[in-house]
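J.: The lines below spell out each chain.
4 protein chains.
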Amino acid sequence: MIIVLKPGCTKKQIDSIVKQITSLGLKAHVSQGVERTVIGAIGDERGKVELQNLEVVPCVEKMVPILKPYKLASREFKKDLSVIKIKKASFGGGHFGVIAGPCSVESEKQIIEAAEGVKKAGAKMLRGGAFKPRTSPYSFQGLEEEGLKLLAKARKETGLPFVTEVVNTETAELVAEYADMLQIGARNVQNFALLKKVGGLGKPILLKRGMSTTIQEFLMSAEYVLSEGCKDVVLCERGIRTFETATRNTLDISAVPVIRELSHLPIIIDPSHAAGVRQYIPTLSYAAMAAGADGIIIEVHPHPEKAMCDGPQSLDIREFTAVMGRLKKLARFNEQKL
Amino acid sequence: MIIVLKPGCTKKQIDSIVKQITSLGLKAHVSQGVERTVIGAIGDERGKVELQNLEVVPCVEKMVPILKPYKLASREFKKDLSVIKIKKASFGGGHFGVIAGPCSVESEKQIIEAAEGVKKAGAKMLRGGAFKPRTSPYSFQGLEEEGLKLLAKARKETGLPFVTEVVNTETAELVAEYADMLQIGARNVQNFALLKKVGGLGKPILLKRGMSTTIQEFLMSAEYVLSEGCKDVVLCERGIRTFETATRNTLDISAVPVIRELSHLPIIIDPSHAAGVRQYIPTLSYAAMAAGADGIIIEVHPHPEKAMCDGPQSLDIREFTAVMGRLKKLARFNEQKL
Amino acid sequence: MIIVLKPGCTKKQIDSIVKQITSLGLKAHVSQGVERTVIGAIGDERGKVELQNLEVVPCVEKMVPILKPYKLASREFKKDLSVIKIKKASFGGGHFGVIAGPCSVESEKQIIEAAEGVKKAGAKMLRGGAFKPRTSPYSFQGLEEEGLKLLAKARKETGLPFVTEVVNTETAELVAEYADMLQIGARNVQNFALLKKVGGLGKPILLKRGMSTTIQEFLMSAEYVLSEGCKDVVLCERGIRTFETATRNTLDISAVPVIRELSHLPIIIDPSHAAGVRQYIPTLSYAAMAAGADGIIIEVHPHPEKAMCDGPQSLDIREFTAVMGRLKKLARFNEQKL
Amino acid sequence: MIIVLKPGCTKKQIDSIVKQITSLGLKAHVSQGVERTVIGAIGDERGKVELQNLEVVPCVEKMVPILKPYKLASREFKKDLSVIKIKKASFGGGHFGVIAGPCSVESEKQIIEAAEGVKKAGAKMLRGGAFKPRTSPYSFQGLEEEGLKLLAKARKETGLPFVTEVVNTETAELVAEYADMLQIGARNVQNFALLKKVGGLGKPILLKRGMSTTIQEFLMSAEYVLSEGCKDVVLCERGIRTFETATRNTLDISAVPVIRELSHLPIIIDPSHAAGVRQYIPTLSYAAMAAGADGIIIEVHPHPEKAMCDGPQSLDIREFTAVMGRLKKLARFNEQKL
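Residue numbers (our numbering), protein chains in the order written: chain E, 1312 to 1649; chain S, 1312 to 1649; chain P, 1312 to 1649; chain X, 1312 to 1649.
Next up, chain E with everything else stripped away, as it sits in the complex (with noise of 0.2 Å):
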């Protein structure tokens, strides 16, 4: 932690807050600038809240952290890129994996029809909403268990895993006897409660950005995950919220560059709630390739005009064959699977 100091502090003022410093098992460093003097407090800052708390004296003007808050999340802490792998559905490591299937669960026929459509297509894993967190308390709610019993009939006929979103700690553990794999939604990134429960659950987690979630705090929410011993964690950039209304969240592509550099986990991309709109969820698609990111996880409905839920930014299953013919011949040029 750097220490900057207003101009003008005393010495006392300096011996003391040297003295803090030490007291907590750390060395202290001063630099005695022209205008300012600035105080190194040297050793692990993290979680040392009584370090923090050097901001409320009066003459310390700002306090700068040098270390990054995650560990178990970072690069540092693991140099090797992780692989997460599901059945026959892998991200990273070369793999882009591709998620796709409809908004929710809406009967036996929809998901059937779904997963058969996409697997056809080249999908490596479905995805299908049993409950659904709805902005608006009048929607449709999803069909809860009924829901995850379809998932897995599905799963059945057609060979491939399906992720689904847990919206609370009292059923996670009831999703988890059903799923391949356990979604935190936007809405949840930051509900610790939940992410330190399904954490515990063995399964492998696919985790959402929020729409105003720094990708710092991004990474904080997925060491709450990888803490309680999971290993397995997709992170998923789905749009961040900005003052454009053109698309229904601003995709930030750089965050696959970015997390690339930070962390070690895989970094997949969510162009349908990016974009909010069907009709620029292929480029974006193909951009999140040519970004490198480790795979993407798209709406895909047999009939986008009778969905239950997100109807205007599905795919209809010809589309999504299109949209995945294109990304076979640039994973090529990529040279990464598909």
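What the hints contain is simulated information worked out from the structure, not anything from laboratory work.
A couple of the hints might just be wrong.
Any copy will do: because identical chains look the same in the list, a pair fits if it lies in one copy or spans two.
Simulated pairs of lysine-lysine, DSBU-like, Cα-Cα distance not exceeding 30 Å [said to hold, decoys possible]:
1) LYS1317 - LYS1373
2) LYS1467 - LYS1430
3) LYS1464 - LYS1359
4) LYS1617 - LYS1379
5) LYS1431 - LYS1640
6) LYS1359 - LYS1617
7) LYS1639 - LYS1467
8) LYS1359 - LYS1420
9) LYS1322 - LYS1617
10) LYS1338 - LYS1323
11) LYS1323 - LYS1389
12) LYS1373 - LYS1330
13) LYS1323 - LYS1382
14) LYS1389 - LYS1322
15) LYS1322 - LYS1338
16) LYS1338 - LYS1317
17) LYS1460 - LYS1507
18) LYS1317 - LYS1330
19) LYS1373 - LYS1617
20) LYS1382 - LYS1322
21) LYS1389 - LYS1317
22) LYS1617 - LYS1338
23) LYS1373 - LYS1359
24) LYS1317 - LYS1359
25) LYS1464 - LYS1399
26) LYS1379 - LYS1330
27) LYS1460 - LYS1396
28) LYS1379 - LYS1338
29) LYS1317 - LYS1379
For chain E, the structure is supplied; the task is to place chains S, P and X on it using the hints.
T.: Just chains S, P and X now, kept in the frame of chain E:
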């Protein structure tokens, strides 16, 4: 709902859309403009997913909703402003309710000292965290039930009712056994499972706006709570996330008049989390009152430099007493009861 | 400047950086931490591009500036708060200056009626646009020099000094011949050629914050004006761009205490452009005063429904008079002169 | 324009609005809904300020524009995508134009070395700043006309046409005498006086999106240029300002498909200013091409560590050559000409 069509739609396409609208029990009203045809779908559009799906139809350019998506939270539903009372603390109807106390309960001594201090200065309600949602898994996570017991003890000593945060559905009932009011934190504002849970517990709710929640989404979250039968919801603006980094968040002071116009629910301000820096908190408190807010919730710690969380944004008792002194004068000008 | 190195830097790399720092006339201070080495470059870092270029060195992780990049605008440079006076209008030093008038000058009748109305209500300065920067080339672009003449006429009739916008370097001198104060609009806040030009014209400047300008950048823009010899700069917060759409912009009320701390320049609020909707303007005006602003600039039109620009966000004379009445009461509480 | 009325409007109020609409030469279409009355104003609404003023009428809840406010920039005006050619550099129509060069011209040696390097790597156009708009008045402000002469010299040596920034109306003609294309920088995107000026100079324009400009506003700025007679406008997305600080700006990659849908003008990407950090620039360049952009503009300096501006976000010649090599492969996949 207004459906704007692209230029060059055929009569057949228009007829098909009209047919779909009428099949939903709504009336369709076609306006042929110079460059665009516009179709009005007349009737209650809320919750009609099939209507929203018209966005998938190729000749539709955009859909413009006319009705607000919330009902119970709206002023159209309830013209008179709600006044919410918890013992001697009142929010709304000319009452400016002041809630004060530490970020988290740390010890009996600390919480009693805080409660006595804020009571003496004029606060009518105590705040204090027992279950703490922290960005880092390495930070202090709260005393949990022990914290609730200490809060109850402070209430017994001072007579002040208290509000504390509920972080998941599993512990919601436990918290409700102790607390006078349940807080839903900013990070859980769209944790719909939790909103539904607390809406049914029979306790008043303090609902904080998320850092990237629009006012419309915020009122939708209130709608979740209200639709479970709860009538006592106090809304709290606590700063939104913007590009500016001089303050931790940007206090959206305009949310006060906007929410006053749209909703009957009281709206209070949290200057502590908005600023994130103690020296700006007094100013923001006065601005809150002048803007017509129904109260404030403010972090006060007997010894901020020793606080286990949020020390840098906590006032000490002396500073808080000074803020209250000035607010009392301003309240007279404002014809509010403090 | 603090230079944080990546883990694993060699002694040779560190020596090379130290050498570059000392070659710039700065002192280098190396701190060897547990996980990171940190080098302090001690001395005046401002304008030293060679120092910034160290970021290119592969083993540098990040650079943290210690000094603020502006000087003349800072409170360190000038401890006492500046008071800026233009005839009877004063900004700062306990004076709350009120500037009022229409978005644009439309006719002699309109501007005289506006000037007389706002004067009677208590405004000390008139505003009105002659050169109008409009988002659309199809919108009314202002009366140009004819508008300046009408403003001068209104000044003669009422004694009110006036401020009007300068939109380019070519017409800056013409505007300066007529106006008492020159406004730099939000969209030109980083039009550095224009800032330099107006800074040398010997007139007070009203500098509006851009909708995505940080406070630090805002003060840098003020620095441009000050560095050309101008001493009278009034800063104006007019709302920043965020995701919220209930108001046109989000008024950053915290900018008042933040700028008070960082700069000696007066800071006023423009509630009209912040809200973009007339009904919220009174509330934001009261909040501005309570937050300690040095004044407001507010759009008033004798007949908003006939205005050639900004009608929907203009108060009429009666509404403005009501706002002033309430501000006068609040000023007494605030110990300010209105 | 759709005018949504508040509940409870009287017939008299509605009649009065209808009368105002028809007096503007538009047709009024009244739809009586269950909770709201909606009036459609049919006809060309653009530039009709009197229509916008209806927002002032007390019983009006909101106004929803139907037509886009720009014409000449729209695809409705010109269905075929524009292809803009400047010597051997082409943007659009399957051509991916690459512009490369330093932030600013520093010396003859530097700009010739840069021009030769980028040409060899495959760039078709040179960039370099002569007039530099810098955030700080203490930073290097450019070589001005001397810089233009050096750029002309580099053009003579290499045959590469060049683009350079115009920063004010006074020097616009001077720059136009030398340059092949004039750049309007992000900070001047709504400097309407400048847009009008350059639109009449007979040179192609490179228009950069501002950091908080919506796509609609961006196209309105293009409209200013086009409405002065200029036909050759290349749009450039260079990152928008958001809460994320891991990159200097957030590249809005979705702007590519959105602008492709709305406008016939070519859209290119500036990965250098978007990232602000050199290591992410290659990745963003590939994503730009995969997203269907018509080109990129990229900062390349022969010796970034010695650059007088933007060193940390400049590639050196070797790095740029590597990016071009990979783009050439990707172009084959993409069926684009590089």
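J.: All hints are to be evaluated individually against the structure, with a verdict given for each.
T.: Right, here's what the structure says about each hint:
no.	hint	verdict
1	LYS1317 - LYS1373	both (8 Å within a copy, 22 Å between copies)
2	LYS1467 - LYS1430	within (13 Å within a copy, 57 Å between copies)
3	LYS1464 - LYS1359	between (49 Å within a copy, 29 Å between copies)
4	LYS1617 - LYS1379	between (47 Å within a copy, 23 Å between copies)
5	LYS1431 - LYS1640	both (17 Å within a copy, 29 Å between copies)
6	LYS1359 - LYS1617	between (53 Å within a copy, 12 Å between copies)
7	LYS1639 - LYS1467	within (26 Å within a copy, 44 Å between copies)
8	LYS1359 - LYS1420	between (55 Å within a copy, 22 Å between copies)
9	LYS1322 - LYS1617	between (73 Å within a copy, 23 Å between copies)
10	LYS1338 - LYS1323	both (18 Å within a copy, 25 Å between copies)
11	LYS1323 - LYS1389	between (43 Å within a copy, 26 Å between copies)
12	LYS1373 - LYS1330	both (18 Å within a copy, 28 Å between copies)
13	LYS1323 - LYS1382	between (36 Å within a copy, 28 Å between copies)
14	LYS1389 - LYS1322	between (43 Å within a copy, 24 Å between copies)
15	LYS1322 - LYS1338	both (18 Å within a copy, 21 Å between copies)
16	LYS1338 - LYS1317	both (21 Å within a copy, 20 Å between copies)
17	LYS1460 - LYS1507	both (25 Å within a copy, 24 Å between copies)
18	LYS1317 - LYS1330	both (18 Å within a copy, 28 Å between copies)
19	LYS1373 - LYS1617	between (55 Å within a copy, 18 Å between copies)
20	LYS1382 - LYS1322	between (36 Å within a copy, 26 Å between copies)
21	LYS1389 - LYS1317	between (39 Å within a copy, 15 Å between copies)
22	LYS1617 - LYS1338	between (64 Å within a copy, 20 Å between copies)
23	LYS1373 - LYS1359	both (16 Å within a copy, 22 Å between copies)
24	LYS1317 - LYS1359	both (23 Å within a copy, 22 Å between copies)
25	LYS1464 - LYS1399	within (18 Å within a copy, 57 Å between copies)
26	LYS1379 - LYS1330	both (24 Å within a copy, 28 Å between copies)
27	LYS1460 - LYS1396	within (23 Å within a copy, 46 Å between copies)
28	LYS1379 - LYS1338	both (19 Å within a copy, 27 Å between copies)
29	LYS1317 - LYS1379	both (25 Å within a copy, 12 Å between copies)
Consistency note: the structure conflicts with none of the earlier hints.
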